[in-house]
Amino acid sequence: LAKTTQPISMDSYEGQEVNITCSHNNIATNDYITWYQQFPSQGPRFIIQGYKTKVTNEVASLFIPADRKSSTLSLPRVSLSDTAVYYCLVGDTGNTDKLIFGTGTRLQVFP
Amino acid sequence: NAGVTQTPKFQVLKTGQSMTLQCAQDMNHNSMYWYRQDPGMGLRLIYYSASEGTTDKGEVPNGYNVSRLNKREFSLRLESAAPSQTSVYFCASSEWPGAGETQYFGPGTRLLVL
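Line by line, the protein sequences give chains X and A. Position one of the first sequence corresponds to residue 1 (my numbering), numbered consecutively onward. Position one of the second sequence corresponds to residue 112 (my numbering), numbered consecutively onward.
Among the clues, some could well be false.
Computed cross-link-like contacts, DSSO-like style, restricted to lysine-lysine with a CA-CA straight-line distance of at most 30 Å [what the hints assert, rightly or not]:
hint, chain 1, residue 1, chain 2, residue 2
1, A, Lys182, A, Lys120
2, X, Lys98, A, Lys168
3, A, Lys182, X, Lys98
4, X, Lys98, A, Lys120
5, X, Lys52, X, Lys98
Since the hints were made in silico from the structure, they are not lab data. Since this is a predicted model, take the numbers as computed values, not measurements.
All chains, full assembly: derive it from the sequences and hints.
Put into structure tokens, the structure is as follows:
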């Protein structure tokens, strides 16, 4: 299984860029890397997904090095509303064995 | 387009009582999932349905049963509730099964078993 490792928590201030790294040394060839965001008392919400190099959308960027053994979620200029738990999932289509959310990274943004 | 809906939002049960959590999605997704989330923990997969007519166990299936009623609906049943089942339950759906597919989550059901 492509077990993932993330920092338990991170602190930041409004306006700063936040980078959350996820390690996944056993990633398989067909695996994608997907990040979710979860606010208190809500279900997780999809943020971004990538396979290699860099992916950017209106919310975040995802950087994946060539060996794909890690990935970095980048949140530009965070605000208080970005305070949440962020989960990294690694897996492919069709294989539910890899649906492991772990404990995620708790990001606290301060004013 | 409501996405994934869950009922009830909150429920209190006594030990030994039974109940069914309901989930429905309107995105025409093939796959549906039930997770539980305990305080300060990540989500753990209870059961999933890769496609209409199929169900399979996840990481923590003991004490639960599921029914994929049709393509839209996936219910979770607790036959004899225990305090250890106090948790928040999330239903999710995706177009196809697997961690590589984007999952869409419902708002959750908060269950307290006394």
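Hints, verified against the model:
Restraint check: the Cα-Cα separation between lysine 182 of chain A and lysine 120 of chain A comes to about 22 Å, which is no more than 30 Å; the hinted pair holds. Note on lysine 98 of chain X and lysine 168 of chain A: the hinted pairing holds, with a Cα-Cα distance of about 13 Å set against a maximum of 30 Å. Between lysine 182 of chain A and lysine 98 of chain X, the direct Cα distance comes to roughly 23 Å. Compliance with the 30 Å bound is thereby established for this hinted pair. The suggested pairing of lysine 98 of chain X with lysine 120 of chain A holds, with an alpha-carbon distance near 28 Å, which does not exceed 30 Å.
Between the alpha carbons of lysine 52 of chain X and lysine 98 of chain X the distance comes to roughly 19 Å, so the proposed pair stays at or under 30 Å and holds.
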